[in-house]
Amino acid sequence: MTDDKQMAKRETDDTETLDGRRVLAPATDVLESADEYLIVADMPGASEDGVTVRLDRDELLVEGRREPLHEQAEAFVYRRVFRVPDAIDGGKITANLEHGVLTLHLPKAGEARPRQITVTVG
Amino acid sequence: MLTRWTRRRDPWLEMYDLMKEMDRIFTSAGPPSAGRARSWMPEAWPPIDVTDEGDKVVVRGDLPGMTEKDVQVTATRNSLSLAGERKVDVPEGYSVHRQERPAWKFSRSFELPTRIDVESVRASMKNGVLTIELAKHAEEKPRQITVKAS
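First to last, the sequence lines map onto chains A and B. Numbering-wise (my numbering), the first sequence opens with residue 13 and increments by one. Numbering-wise (my numbering), the second sequence opens with residue 16 and increments by one.
Heads up, a few of these hints could be off.
[Stated by the list, open to error] The calculated lysine to aspartate or glutamate pairs, modelled on DMTMM-like cross-linking and capped at a C-alpha distance of 20 Å, are: (1) Lys141/B / Glu83/A; (2) Lys120/B / Glu154/B; (3) Lys120/A / Glu107/B.
FYI, nobody ran anything at the bench for these hints, they're computed from the structure.
Please build the complete structure, drawing on both the sequences and the hints.
This is the structure we're talking about:
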């Protein structure tokens, strides 16, 4: 079983957006089976075209944009970065957004490669 | 600095003095996990936003992972009830490194300070956000008053 530290997020995130949006970390579950890692993140209000998932070397970036729903509401960005172990096959990561929840499957085996992942809906 | 996304303040508590809220809350915590970071606590209920938008009151709630089938919305002339449940189960064969997403089972009633038109209440869910539009009763709608010079 992999040490939790390998899936730990960075302690600090100084990301700032150019349009002044607040950046918030979504509540995320990280699970592991023999075949894959499973990452599930709550991003209510995020729609498919606002979600980005990108694996670069050993860092997995998960981001979702949320537009304000009324005048007093804020626009913000859900953002979280995970350091993933080498044993992830970057080419086989899948992402699905449904009902404001983003689910990522990270199959094990193979070398990590920089890879943009397409997000499916439904 | 990672900021936790938390429940927003409920504006009704600030806007209206006469407000009775009956909450029957069943807090169900997810399975305990060594990976749960100390700053992530299970919510007692999901965040709710209430806004007065002139001729209607709009209630919004963040309910990620829930569909219209998981939520019950009941409205009377002067009250609104929301109930729902979200389970967060660990699938077979998986171990947990981190469990931050809370499970909910909530049942909550609001007494509304303005009378609403029950027939025209609309509720919908999109991207895990519940939106309930409650049109105000005709007599409660704001009316523009002309100021005359005298």
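Status of each hint after checking the structure:
no.	hint	in the structure
1	Lys141/B / Glu83/A	19 Å, holds
2	Lys120/B / Glu154/B	36 Å, violated
3	Lys120/A / Glu107/B	18 Å, holds
In this structure, the one hint that does not hold is number 2.
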